[in-house]
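Number of protein chains: 2
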Amino acid sequence: MSHIETAIKMTLDRWYGSVASLDKMLNVLTDEQLQKETAPGKNRGIYLLGHLVAVHDDMLTLLDLGEKQHPQLTEPFIKLADKVATELPAVAELRDFWTKQNALLREKFDQLTTEQWFEKHTAVSAEDFAKEPHRNKLNIIISRTSHLQYHTGQIALLK
Amino acid sequence: MSHIETAIKMTLDRWYGSVASLDKMLNVLTDEQLQKETAPGKNRGIYLLGHLVAVHDDMLTLLDLGEKQHPQLTEPFIKLADKVATELPAVAELRDFWTKQNALLREKFDQLTTEQWFEKHTAVSAEDFAKEPHRNKLNIIISRTSHLQYHTGQIALLK
Numbered sequence: 093m094s095h096i097e098t099a100i101k102m103t104l105d106r107w108y109g110s111v112a113s114l115d116k117m118l119n120v121l122t123d124e125q126l127q128k129e130t131a132p133g134k135n136r137g138i139y140l141l142g143h144l145v146a147v148h149d150d151m152l153t154l155l156d157l158g159e160k161q162h163p164q165l166t167e168p169f170i171k172l173a174d175k176v177a178t179e180l181p182a183v184a185e186l187r188d189f190w191t192k193q194n195a196l197l198r199e200k201f202d203q204l205t206t207e208q209w210f211e212k213h214t215a216v217s218a219e220d221f222a223k224e225p226h227r228n229k230l231n232i233i234i235s236r237t238s239h240l241q242y243h244t245g246q247i248a249l250l251k
Numbered sequence: 093m094s095h096i097e098t099a100i101k102m103t104l105d106r107w108y109g110s111v112a113s114l115d116k117m118l119n120v121l122t123d124e125q126l127q128k129e130t131a132p133g134k135n136r137g138i139y140l141l142g143h144l145v146a147v148h149d150d151m152l153t154l155l156d157l158g159e160k161q162h163p164q165l166t167e168p169f170i171k172l173a174d175k176v177a178t179e180l181p182a183v184a185e186l187r188d189f190w191t192k193q194n195a196l197l198r199e200k201f202d203q204l205t206t207e208q209w210f211e212k213h214t215a216v217s218a219e220d221f222a223k224e225p226h227r228n229k230l231n232i233i234i235s236r237t238s239h240l241q242y243h244t245g246q247i248a249l250l251k
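Those protein sequence lines, which keep their order, are chains L and A. Here the numbering used here is used: position 87 in the first sequence is 179, and no number is missing along the way. Here the numbering used here is used: position 102 in the second sequence is 194, and no number is missing along the way.
Worth double-checking, as some hints may not be accurate.
Heads up, the list lumps identical chains together, so a pair's fine if it works in one copy or across two of them.
Claimed, not checked - Cross-link-like lysine to any residue pairs, in silico, SDA-like; alpha carbons within 20 Å at most: (1) 101 <-> 220; (2) 101 <-> 222; (3) 223 <-> 98; (4) 229 <-> 94; (5) 175 <-> 196; (6) 212 <-> 93; (7) 128 <-> 218; (8) 251 <-> 158; (9) 101 <-> 213; (10) 192 <-> 152; (11) 212 <-> 97; (12) 101 <-> 221; (13) 160 <-> 236.
These are calculated hints, taken from the structure and not from any lab test. Note that the structure is a prediction, hence the values are computed from the model and not measured.
Looking at chain L on its own, in the form it has when it is part of the complex (with noise of 0.2 Å):
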C-alpha cells in the first residue's frame, strides 16, 4: 500500500469510526432522550440528529457523488436553529434516515479512486483549487468527520 493510499484509508476509517461511535450511542439512546437539550437551554438531540444528517447530506453533491436525498432538512436543521421550525421529522424517522444514509454515503465513497479523491470538490472553483490544491475531496471528509465528532460529544452527554 503506498502513502497515498495509507492515507486515504486512515481518513475514511476515522470517519467510518465516527459514524459507528454515534451509531452506538443511538442505539441506546431511546427517541424521549433524543427530544431532550444536551445541556440546559442548548440543541436537542433531535435537532443534532437532523442537522447531521442534512449536512452528510451536501456531502453528496459536494463530492459531486450525486443528488441530495434530504433537501427537506436543509430549511429546519441548517439554516434555523433549535426549537424555531413549526415541524420536525419524528425521531423514528430520522434514525431512519441516518442509517441509510451511512449505506448510501459508503457506496459511494467506495467508487472513488485515489486519484479522484485529491481532485476539486463542487464548491471551490478551478481557479481557486489550481492554489489550493488542499481543497479537495478528501478534505471534505475530514472536515465533516470533526463535525460529527463535535456533535457526537454533545449527544453524548444525553446518556
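For chain L, the structure is supplied; the task is to place chain A on it using the hints.
Chain A only, in chain L's frame:
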C-alpha cells in the same frame, strides 16, 4: 505539492484548526464557567481542559518527539473520572499549560518529514506495523483531532 504532502497538510491544518477553535472558546469562557459541569452530572470544563492537555502530552512520546511535560496530569485527568481527584491544578495553570503545549507541539511537528509521518508510532510493534502501516504517526494526529473535537463540542455548552 504532491498528493502526499497535501494529505499531510490537510491533516495538520485540521489539527491546528481544532486547537484554534477550542482556544477561541477558552478565551471567552471565564475560570468560573470552566468550573461548571458541561451538562447536569457530567464532566466539568476544568476536567475536560486538563484531560485534553494530559492526552496531548502523550502525543510527544507516541510520536517519539520527547518526554511528557506534565506526567502529574495523567492520574487526575486520564486515570480518574471528574470529581474523584482530591486536588486539581487551578484553571489558570491549565490554561497556561494548554497555550505552551500548543506552541511546543507545533514546533515538534514542524520537524517531522513526510517520510517520518508515515513511520510507526511508539505504541505499535514493528511486527504489527508491518501488517498495519496505517498505525503511523500521522494517524495519531487524525485520532487526537477527533478526540479534541468531541470534547470541544462539550466545552461549547458552557457558553
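For each hint, the structure was consulted:
Within a single copy, residue 101 and residue 220 get their C-alpha atoms only as close as 26 Å, which misses the 20 Å cut-off; across copies the closest is 17 Å, which meets it. Taking CA atoms no more than 20 Å apart as the test, residue 101 paired with residue 222 passes between copies only; the shortest distance there is 16 Å, against 25 Å inside one copy. Only between protomers do residue 223 and residue 98 lie at most 20 Å apart by alpha-carbon distance; the minimum there is 12 Å, versus 25 Å within a single protomer. Within a single copy, residue 229 and residue 94 get their C-alpha atoms as close as 19 Å, and across copies as close as 15 Å, so both meet the 20 Å cut-off.
In this assembly of identical chains, the alpha carbons of residue 175 and residue 196 never lie at most 20 Å apart, being 29 Å within a copy and 43 Å across copies at closest. Within a single copy, residue 212 and residue 93 get their C-alpha atoms only as close as 24 Å, which misses the 20 Å cut-off; across copies the closest is 15 Å, which meets it. Proximity of residue 128 to residue 218 under the C-alpha cut-off of 20 Å is found in neither arrangement, the shortest distances being 44 Å within a copy and 47 Å between copies. In this homomeric assembly, residue 251 and residue 158 never come within 20 Å of each other (Cα to Cα): the closest approach is 35 Å inside a single copy and 38 Å across copies.
Proximity of residue 101 and residue 213 under a CA criterion of 20 Å is satisfied in both settings, with 19 Å inside one chain copy and 17 Å between copies. Taking the closest pair of Cα atoms, residue 192 and residue 152 come within 20 Å of each other only inside a single copy of the chain (13 Å); across copies the shortest separation is 40 Å, beyond that limit. Taking CA atoms no more than 20 Å apart as the test, residue 212 paired with residue 97 passes in both settings, with 18 Å inside one copy and 16 Å between copies. In the homo-oligomer, the alpha carbons of residue 101 and residue 221 lie at most 20 Å apart only across protomers (15 Å), although the nearest pairing inside one protomer, at 23 Å, exceeds that limit.
In the homo-oligomer, the alpha carbons of residue 160 and residue 236 lie at most 20 Å apart inside one protomer (16 Å), although the nearest pairing across protomers, at 31 Å, exceeds that limit.
The earlier numbered hints that this structure contradicts are 5, 7 and 8.
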